[in-house]
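Single-letter residue listing:
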Amino acid sequence: MTETANSRRIPDHLTSRATRVFKSWEALLLAVVIAIFVINSFASPYFLNAWNLSDATFNFTEKAMIAFAMALLIISGEIDLSVASIIALASTAMGLAVQYGAGTPELVAIGLTVGLLCGAFNGVFVTILGLPSIVVTIGTMSLFRGISYIILGDDAFRGYPSSFSWFGQGYIYWVFTVEMLFFVIIAVIYAVLLHKSNFGRAVYAIGNNPTGALFSGIRVQRVKFILFLLTGLMSGVAAICLTSRLGSTRPSIASGMELEVVTMVVLGGVNILGGSGTIPGVVIAAFVMGLVTFGLGLLNVPGIVMSIFIGLLLIGVIALPRLWVMIAARRKA
Amino acid sequence: MMRFIPVREAILGSAILILIILVASRFAGFVEPSNLANVFNDTAPLIILALGQMVVILTRCIDLSVAANLALTGMAVAMINVAMPELPIPVIIAIAIMLGAFMGAINGVLVWKLSIPPIVVTLGTMTIFRGIIFLISDGKWVNSHEMSPAFTGFPRTVLLGLPVLSWVAITAVIVFGIMMARTQFGRSIFAVGGNPHAAVYTGINVGKTQFWAFVASGALAGLTGYLWVARYAVAYVDIAGGFELEVVAACVIGGISIAGGIGSVGGAVLGAIFLGVVKNALPVVNISPFWQLAISGSAILIAVAFNARSGRTKGRIILKSAEVTQ
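Sequence lines, in order, name chains A and B.
Per my numbering, residue 1 is the first one in the first sequence, and the count goes up by one each step.
Per my numbering, residue 1 is the first one in the second sequence, and the count goes up by one each step.
Among these hints, one or two may not hold up.
Taking lysine-lysine pairs in the DSSO-like style, the calculated list, with each CA pair at most 30 Å apart, reads [unchecked claim]: (1) Lys196(A) x Lys23(A); (2) Lys140(B) x Lys332(A); (3) Lys23(A) x Lys332(A); (4) Lys208(B) x Lys113(B); (5) Lys279(B) x Lys23(A); (6) Lys208(B) x Lys332(A).
The hints are simulated quantities; they were obtained by calculation from the structure and are not laboratory data.
Please read these numbers as outputs of a predicted model, since none were measured by experiment.
The shape of chain A in the complex, shown without the other chains:
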């Protein structure tokens, strides 16, 4: 042990900013995106079509909205597995309101409120009662979707007002969808929040050392509570977009999405154990997942086989660098 400590090479200069950017996780991901893009454009003649690409963005915009909030939550050392169930509950609440004649503004308010309330519910259990978030959110995952099932059974809510379809089916300009606009705005907000604000520094501090953060004057529990609120709110936004796009609500809506969101966050270079990660990384990861599913879809690969690629991607991007380091270390020894 002592030998390795002594033989550790101490650099006589800092690595330049360019080198750091070049060697970063985001650069690697970006290379993956470009590779996928190039391969796809050769593999299918339909890939390089503005409208097709625009349709492809639906594959990831809703998930990515949640992924940004989830990234902050995971960086702070917590996790929320109930996001897909929050979508189901928020969507059910909106569907219920439609039966009583609610209009689009009320629907949006209801979707966001339910999201916030669910986030607050998770937050109370984790921050006030001090319970592990993974267990709490596995519980609320069943609870929230369970309430949807109680309300809906095997029925479905339909009949959303036509103005409501703007969120999931509308276009801002040419091929740019409303969801794409939301995606960009939310990405910018979260990037600023995480990378340029005191709140963001607090999130990193908590993830690296919660006790240290507490002693340096950060209200750890309050920050975590806010992060759960944000994740709930984003799930509400995603619920509005998804419900508007599908035009109906079933209790099984968005099932399994929580795992795709976590995959997106981890793929984006966020450490699942907390403490590190960036929003640009998550943005690129969203594109990786979106382009992979879209490209394979054009090649008539069924959805379940695509999930193999996503799974391999998730393990591969983490395993390969570690394998590389291990092999390099062995060669040196």
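Given the structure of chain A, go ahead and fit chain B onto it with the hints provided.
Below, chain B alone, put in the same frame as chain A:
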């Protein structure tokens, strides 16, 4: 006497008893031995999987791939049975256990050798295993008429009043009970979960123990895969979808700490039985089965809140920064 019946298990056991009595007060038929045996048989797969999950959670890991492992093994043995109907059942079971253990070993190696967080590994392998089922089966179903009678009949064969499926669960509980309490491996699992740093100092290989925990969980998932497919006499891509969370729920309700090191075989079994009783009682008392999800969700929250309250005795950290690399 108190030594043998820990408080947490006693409370959970009485909760199950009260639940059964409440149901019985309205529908006496529920407590007939034949019905209770049915409920137990119905819960057997959950019990078996909860044992494997318990071992993994005790070592501070989590295995989200059990249901996918179960489905893939089930599909594989079903297809083997269709291709070679005369293959004896013990061989089928051996194949199922080995296949499951192999998949568990993949999880284990990734956690042990590459130290990737278990939740990431098993999230990944979960989707990969499900995808592989589609690849090998082409999305087709294997139906009961294609399987041999011996294949589907085995778990339902009644021995001494109980189906073989129930006996397998009982055997698994006994084997794991002995393993956790009386073997070096069982004790090292508690040591690894309780304090990995101290475990290193006592000469326990943390990563290797976690590896074998995943192998055990995978082997049980493989075994359940055969039993499941044979019992329901159908195999397709989505069998046991989402079952991994029910398994984790059984462990959490059974008082197994997600932070590792705390838990018991009895707890895992009772947690699974609790969920099984709720599931079977709902239709009896005329509550729509759609309530089940919300009820098990609430049960998880109550159980975890309760366990945290009772187990709030923090030990002092003596050995703080030992090397856990080996």
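Verification of the supplied hints:
1. Lys196(A) x Lys23(A): holds (22 Å)
2. Lys140(B) x Lys332(A): violated (50 Å)
3. Lys23(A) x Lys332(A): Holds - the C-alpha atoms of Lys332(A) and Lys23(A) are around 21 Å apart, at most 30 Å.
4. Lys208(B) x Lys113(B): holds (9 Å)
5. Lys279(B) x Lys23(A): With Cα atoms ~53 Å apart, Lys279(B) and Lys23(A) exceed 30 Å; violated.
6. Lys208(B) x Lys332(A): This hinted pair holds, its Cα atoms lying about 25 Å apart.
Hints 2, 5, counting from the list given before, are not met by this structure.
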